[in-house]
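J.: What follows is the residue order along each chain.
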Amino acid sequence: MAPPAFWLLVFFLVPAIIVVGYSFCTPKSDGGMSPVFTLENYRQVFQGLYLSVLGKSFGYALLTTLFTLALAFPMAYYMAFASRRMKMLLLFLIILPFWTNFLIRMFSIMILLGDNGLINTILVSTGIVDQPVKLMNNSLGMYVGFVYWNLPFMILPIFSSLDRMDVSLLEASLDLGASRWQTFLKITLPYAVPGLVAGIIFVFIPTLGNFIIPEFLGGTQNTMIGNLITTQYLQARNGPFGSALSTVLIFVVMLFIVLYIRFFDPTKSKNNIQF
Amino acid sequence: MLRLENLSKFYGPIQAVNRVSLEISKGEFFCLLGPSGCGKTTILRMIAGFEKASEGRILLDGRDITGVSPNKRDIHTVFQNYALFPNFNVSDNIVYGLKFRNLSKEEQKDRLDQIVHLVGLEGFEKRMPSQLSGGQQQRVALARALVNQPRLLLLDEPLSALDKKIAEQTRHELSELQKKVGITFIFVTHNQTEALALADRIAVMKNGVIEQCDAPRTIYEHPKTSFVADFIGSMNFFPCRVKETINGEVLLELPGTATIHLSQNREQEPGKQLLFCIRPERIRVSLLPPADYENGIRGIIRQKDYLGEITRFGIELPGEKMITVLAQNYLLKLANEFYDLGEEVYVIWSKTSGEILHV
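As they're listed, the protein sequences go chains G and Y.
Reading the first sequence from the start, the letters are residues 1 to 275 in my numbering.
Reading the second sequence from the start, the letters are residues 1 to 359 in my numbering.
Simulated from the structure, these hints should not be mistaken for laboratory data.
Worth double-checking, as some hints may not be accurate.
To be verified - In silico DMTMM-like links for lysine to aspartate or glutamate, alpha-carbon gap of 20 Å or less:
| no. | chain 1 | residue 1 | chain 2 | residue 2 |
| --- | --- | --- | --- | --- |
| 1 | Y | K243 | Y | E294 |
| 2 | Y | K99 | G | E171 |
| 3 | Y | K72 | Y | E51 |
| 4 | Y | K52 | G | E171 |
| 5 | Y | K333 | Y | E281 |
| 6 | G | K186 | Y | D92 |
| 7 | Y | K72 | G | E171 |
Please read all numbers here as calculations on a predicted model, not as lab measurements.
All chains, please: the whole structure from these sequences, using the hints.
T.: So this is what it looks like as structure tokens:
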């Protein structure tokens with residue numbers, strides 16, 4: 001068996017099967033689980049509360065993807081057509097935060113957004129507001145954290161796609177009579193599509209399952225499915241129920257990917273660029 | 001129909017184009033020729049609208065287009081790398097510009113069919129650019145520009161990316177195409193063979209300045225500067241001094257080498273320092289001395305390069321000056337003349353051959 005297949009099997013497939021297996025087990029009151037087959041966990045999942053959290057999580061992930069896209073695209077565009085030096089510099093700046101631990105970056109956002117944080121201190125001391133503005137422990141803080149974290153994952157694929165484009169194509173389009181906007185729609189955008197597809201997947205899926213950012217930066221209303229799963233495993237010690245939630249989440253995400261790729265397959269498409 | 005008035009372009013302190021003025025007539029096949037960095041491509045891009053002129057004006061049929069954006073100039077460009085849109089097939093590439101011109105669908109289809117036939121791309125309409133050869137891509141680029149019937153077509157080094165044989169054939173097709181459509185073509189190249197073969201007029205450029213602008217034959221036979229003389233074909237140069245003029249014949253002293261005669265109907269000042277130049281193919285090599293209507297200098301063959309069609313001789317003249325002579329091998333063979341290295345020969349040319357350039 002080839003090493004990649006072996007790797008996938010051991011580190012992806014087997015754990016997934018274990019989780020699915022647990023979801024059919026019965027929880028014991030002391031925190032363990034007994035291998036008695038039950039569908040009770042799934043019955044619990046499909047009660048309104050948990051499904052609505054799943055739905056909200058989808059909404060948060062979707063909005064996050066849109067915000068990130070709105071910020072990332074202009075950045076990636078600028079970078080793709082910048083001079084070589086600028087390109088290198090910006091790439092470096094984007095990758096630099098990865099050298100810092102994720103939690104520390106979250107803490108640094110908290111320092112920015114907190115009631116006594118940098119922004120509020122400036123606002124209050126200059127008299128723009130009387131009281132600190134609540135920038136954290138609510139949806140705003142959560143979105144800020146999400147977009148901040150996800151930005152490189154959207155910028156880099158889009159940049160990589162656009163970078164392949166020759167400037168002479170833009171000139172040719174203008175030369176033939178197209179306006180800048182028409183050139184963007186007809187020539188630039190199709191080039192960016194593979195990067196867009198990749199970026200959207202890279203942002204949407206991890207955001208969906210994220211539990212740290214809602215925990216640190218979100219409010220009590222912003223509980224996401226990841227938080228629920230964590231709670232079940234760590235606090236409620238209800239492994240089987242947590243597993244059931246996880247399995248449903250995995251299933252929904254897989255469904256989304258299958259549909260997405262069916263309509264936007266980046267590897268084959270008459271809409272996309274043949275190289 | 002196109003006039004450039006004192007056109008200049010600065011990139012910071014560097015002047016790429018220096019007060020260039022030019023007038024090009026409708027239907028002309030015009031060439032900007034010169035080495036890399038001479039400013040020819042910059043001028044082309046300024047005409048197309050991709051570079052802003054630092055100084056001067058560009059007028060198209062009397063209308064000042066200097067500040068007009070490229071998509072509004074009725075001028076189209078065939079780019080050096082063709083710049084075909086990879087996400088469109090051949091047909092869609094060709095009609096790309098037509099869509100912005102308010103033509104009915106039938107008219108668009110008509111024009112498309114016409115141009116496809118004209119450039120010889122029937123059957124290729126549905127192919128993608130990545131499935132085409134270099135020559136085919138170029139034809140698509142041409143069709144894409146010409147289908148819009150622009151007033152002016154600009155071509156940036158159109159033959160540079162093609163193999164020699166294909167380039168030759170494409171040259172003929174390009175020439176025929178231009179005559180058929182009657183549109184003014186301006187093309188840029190560093191290849192003087194292309195320029196000589198295709199152009200009605202050539203502007204030879206160096207360092208942002210046009211050194212000479214004339215028909216190919218005039219440029220070749222009567223170059224005005226030593227740069228033009230050397231850039232087109234090859235040339236022998238001899239610094240010389242005027243001795244005197246007798247009966248329309250100038251006597252030129254080539255210091256240390258010989259005194260030669262040049263028939264010119266022009267008086268030259270005695271004592272003047274000039275540059276005498278003569279094309280290698282105008283000279284012949286012989287064991288026999290020159291006739292009275294010819295110049296002749298004795299020399300020793302130092303180099304002999306057999307090049308199939310011709311042999312190039314490098315002959316050392318008195319005063320250690322080298323002269324290059326091109327001989328047709330067929331003629332040499334007919335006359336049973338085979339010259340060897342080290343042989344002493346006469347280097348002979350007619351007194352009417354050669355040009356004088358001012359230093």
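J.: With reference to the structure, classify each hint as holding or not holding.
T.: Hint check:
no.	hint	result
1	K243/Y with E294/Y	holds, 18 Å
2	K99/Y with E171/G	holds, 17 Å
3	K72/Y with E51/Y	holds, 14 Å
4	K52/Y with E171/G	holds, 14 Å
5	K333/Y with E281/Y	holds, 17 Å
6	K186/G with D92/Y	holds, 12 Å
7	K72/Y with E171/G	holds, 13 Å
Violation of the numbered hints given earlier is absent; every hint is satisfied by the structure.
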